[in-house]
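Sequence order for the protein chains is A and B. At the far end of the first sequence sits residue 528, using the UniProt record's numbering, and the numbering has no gaps. At the far end of the second sequence sits residue 310, using the UniProt record's numbering, and the numbering has no gaps.
Don't read these hints as lab results, they were simulated from the structure. We put the CB at the ideal spot given by N, CA and C, even for glycine. A portion of the hints provided could be inaccurate.
To be verified - Covered stretches of chain B, as calculated for chain A (at least 3 residues, CB under 8 Å):
| no. | segment |
| --- | --- |
| 1 | 191 to 205 |
| 2 | 210 to 216 |
| 3 | 222 to 231 |
| 4 | 295 to 305 |
Claimed, not checked - Taking lysine-lysine and the PhoX-like style, the derived pairs with C-alpha atoms no more than 25 Å apart in a straight line are:
| no. | chain 1 | residue 1 | chain 2 | residue 2 |
| --- | --- | --- | --- | --- |
| 5 | A | Lys-125 | B | Lys-122 |
| 6 | A | Lys-86 | B | Lys-221 |
| 7 | A | Lys-111 | B | Lys-221 |
| 8 | A | Lys-86 | B | Lys-122 |
| 9 | A | Lys-129 | B | Lys-221 |
| 10 | B | Lys-46 | B | Lys-122 |
Unchecked claim - Partial list, computed: chain A residues near chain B (C-beta under 8 Å):
| no. | residue |
| --- | --- |
| 11 | Arg-85 |
| 12 | Phe-106 |
| 13 | Arg-142 |
| 14 | Ala-407 |
| 15 | Arg-408 |
| 16 | Phe-410 |
Spelled out from the first residue to the last, the chains are:
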Amino acid sequence: MALLEVNNLEVSFVTRMGTNKAVDGISFSVETGKITAIIGESGSGKSVACYSLLGLIPQPPGRVDGGTALFEGKDLLQASESELRKIRGRDVAMIFQDPMTCLNPFMTIGKQLMEPLLFHRDVTKAEAKARALQLLEEVGIRDPANTFDNYPHEFSGGMRQRVMIAMALINEPKLLIADEPTTALDVTIQAQILQLIADLQKNRDIGVIFISHDLAVVADIADQIVVMQQGKIVEAGDSDHIFHHAEHPYTQKLLAAIPGDSKQPEAHPETLIEVRNLCTWFGQGKDAEPVKAVDDVSFDIRRGEILGLVGESGSGKSTIGRSILRLVPVTSGHVNFDGTDLTQLEGGALKQMRRRMQMIFQDPFASLNPRMTVFDTLAEPLLLHGIENRKTVASGVLKLMDDVGLARNFVRKYPHEFSGGQRQRIAIGRALATRPEFVVADEPVSALDVTIQAQILDLMLDLGKEYGLTMLFVSHDLAVVRHLADRILVLYKGKVVEQGTGGELFEHPKEEYTRALLQSIPGRSLLD
Amino acid sequence: MWRFISLRLLQAVPVILAVITVTFFLVRVAPGGPFDSEKAVLPEVKAALEAQYRLDRPLFEQYFAYLGDLAQGDFGPSFKYPGRSVNELIAAGLPVTAELGLYSLLVAVIIGGIAGVFAAIKPNTAQDYIPMTAAMIGICMPSFLLGPLLVLVFGIYLDWLPVSGWGDIPGDKLLPSITLGSAYAAYIARLSRAGMLEVLSQDYIRTARAKGLPEWQVVVKHGLRGGMIPVVAYLGPAFAGLLAGSFVVETIFQIPGLGRFYVQAAFNRDYTMILGTTVFLSTLIVLFNLASDVLAAWMNPRLRAQFGGK
């Protein structure tokens, strides 16, 4: 008998706008000692399905319409709230996506760790503490005895996720539900956490539901894979079936979205930007040592090329992009843009140069003004820089919308009416409005679902050609960058450790750190 | 932390100096003087009085002389209560007003806090609308209306509680405290509702639910601390406001507190008394604001770390 057997689960959300069927009759099972992955894009119902099993969706507006969910023979959907409480955190535990927000910032991690144990089991505080320390050690927290009374903000993202995992496992649950547990993390940290989950699962012989939007992430760990789209299961099977014999077009689309081979580099003889001995340090008050975000970095960007900048968070990759555009004060060094030293420009001259350079940000939800329509957003830079006048601006906006693949009838809509991918298209359109020669794209696809990611990357490649753009593409994801970039710089702690074409780096990485990055790419086995 | 506190204290000096200066010259601009009265006073007597209280000297000389006294903690003699200093009068009235303020604050925090938390647990239901409507009424209702109403109902119709006094009959402190505290209770209810709503929508509340904790533990153990930070930050200004604004309630209930001295002093043109009370209360306001800011920051571990403590 399976550990968890879900049959015909139906969940809907009742709002004033009508009833929205979030989960539409799905069935799947989880075996003890196996990992079942549920894959789907945002809005596919994958998280709602799992939360509803434990009564964790807000009701109303949520409503379980039907189905059964037998956990060790007991139907969770029929269980009362008090019965469910006994199961939650004891027999079934959860890990969530964002370790930055999922731990209580007002409580020490020690207290939070012991809480489920003290609540569900008859143990003393001392026993609970001993157990918690033991688990912290097991999930790889250094020096647990001394960090036990620390608050969450004193840990990095990866460490917090380890704490979350320890908290979930402290009652030795039989089933672990992990909801996108690595999506908010850097690739190298993601690889570590994936490995940790797989190891813990094997040692304990428990069942795991692993929810993700990215097939590549689960490639190495999942036994069973369930692919969901719009509340329904479109395909399910073992890992081998999904990755090698997928039948449903949507699954094939997901597979195709995994960034593939390295781009064939093109020759770009002319140098557009020379970065020389660039240093950007951030002071921390008078006495403290400054943070050397960018530390003596030199490189060239050639006209028309896409240069990839790869590194973990804190490697200084975003700061380099911002330093070139003079969005942060540069400590020392020079940036020559087409013969002009940008670090020496002030006021009007800088503004003139800025028109030739633009930036695309990571989060299309935060970087668009929610009170401006698409038209206003795109028309503003056109008018500001005198590219179009009042009479011609409408046609200019429509041309931009065509270029970035937005339907023309969306022109009067506000950002919240668009999906993440569409918003990023608007942001790209805004960046291209001034006809820049150089664009810094700072993690432009990392907040997007994988299939949308692939579309946006293709769009950027096409537009790059059409507009003759030079691009600095900043990302933590080597797989994405090599698909796009002519050359790649690998950054570590504010310094360039290695550079080369995608092919060179993948085939013959010279540096230890580059090799570690390559090892971290999820689903690496699929790429070879 | 100490750096922050001393900086704020330093900033308070010009504020209080401005308060002194403005008050000093404003009361002199107001028509009439402390020794004007309906009965004619002999000019020699008036001149002697003015000489004794330095009122015959140029205004600026008076001003700097006052500042000099103040620097030594001396608020000067009262003009209307011969032989008594302003320090003595404040010392007499303050304990009563402080006690009234404290009880009112307790009323405000307990009633307001509970109402706000309950409203936030089930937003947009009757459990939310009823206390929030009551809070709106509480904010709008002036104490000179609420006080007599409470007296009418509980003091006269029901005859449960005394109608006036302070510390003479058991239970006579209850109605003044409720009257003074209700507007603040209403405001705290709205603050704590907003704070709790924000906190209860956080991801870590979902984590707490996933641990299997019952809802009340989720709210109390995981929600309350973060949700109450805005309330704590408001406590300082609220307490200062209670002290300074107790005049109406002290009058309704015949309470011998600071507020009544204060207003009487204004009617009497008791220059030193007006100045002394104003300076004293504004200093308290500055200090309480600082104290509640420090406390609110202390409750947030991240800010606490920035302050250098742990």
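Taking the hints in turn, this is what the structure says about them:
Only residues whose C-beta sits within less than 8 Å of a C-beta in chain A count toward coverage, and the segment 191 to 205 of chain B has 3 of them, enough to reach three; the restraint holds. Only residues whose C-beta sits within less than 8 Å of a C-beta in chain A count toward coverage, and the segment 210 to 216 of chain B has 5 of them, enough to reach three; the restraint holds. Closer than 8 Å: that is the beta-carbon criterion, and the segment 222 to 231 of chain B has 3 residues meeting it against chain A, so the requirement of 3 holds. Given as covered by chain A, the segment 295 to 305 of chain B passes the check, having 5 residues with a CB less than 8 Å from a CB of that chain where 3 are the minimum.
A hinted pair counts as satisfied when its Cα atoms are at most 25 Å apart, and Lys-125 (chain A) with Lys-122 (chain B) does not qualify at roughly 33 Å. Distance hint between Lys-86 (chain A) and Lys-221 (chain B) is fulfilled; the C-alpha atoms sit about 18 Å from each other, no more than 25 Å. At roughly 11 Å between alpha-carbon atoms, Lys-111 (chain A) and Lys-221 (chain B) fall within 25 Å of each other, so this suggested pair holds. Simply put, Lys-86 (chain A) and Lys-122 (chain B) have alpha-carbon atoms about 23 Å apart, close enough for the 25 Å limit, and the pair holds.
For the suggested pair Lys-129 (chain A) and Lys-221 (chain B), the alpha carbons sit about 19 Å apart, so the restraint of at most 25 Å is met. Distance restraint check for Lys-46 (chain B) and Lys-122 (chain B): the Cα-Cα separation of roughly 68 Å exceeds the 25 Å cut-off, and the hinted pair is therefore not satisfied. Checking Arg-85 (chain A) against chain B: minimum C-beta separation of about 5 Å stays under 8 Å; hint holds. Hint status for Phe-106 (chain A): holds, given a least beta-carbon distance of 4 Å to chain B, under 8 Å.
Evaluation of the Arg-142 (chain A) hint against chain B yields a violated restraint, the C-beta minimum of about 19 Å exceeding 8 Å. About 34 Å separates the beta-carbon of Ala-407 (chain A) from the nearest beta-carbon of chain B, more than 8 Å, and the hint is not met. The interface hint given for Arg-408 (chain A) is broken, as the beta carbon of that residue sits about 37 Å from the closest beta carbon of chain B, more than 8 Å. For the restraint placing Phe-410 (chain A) at the interface with chain B, the shortest Cβ-Cβ distance is roughly 30 Å, beyond the 8 Å limit, so the hint is violated.
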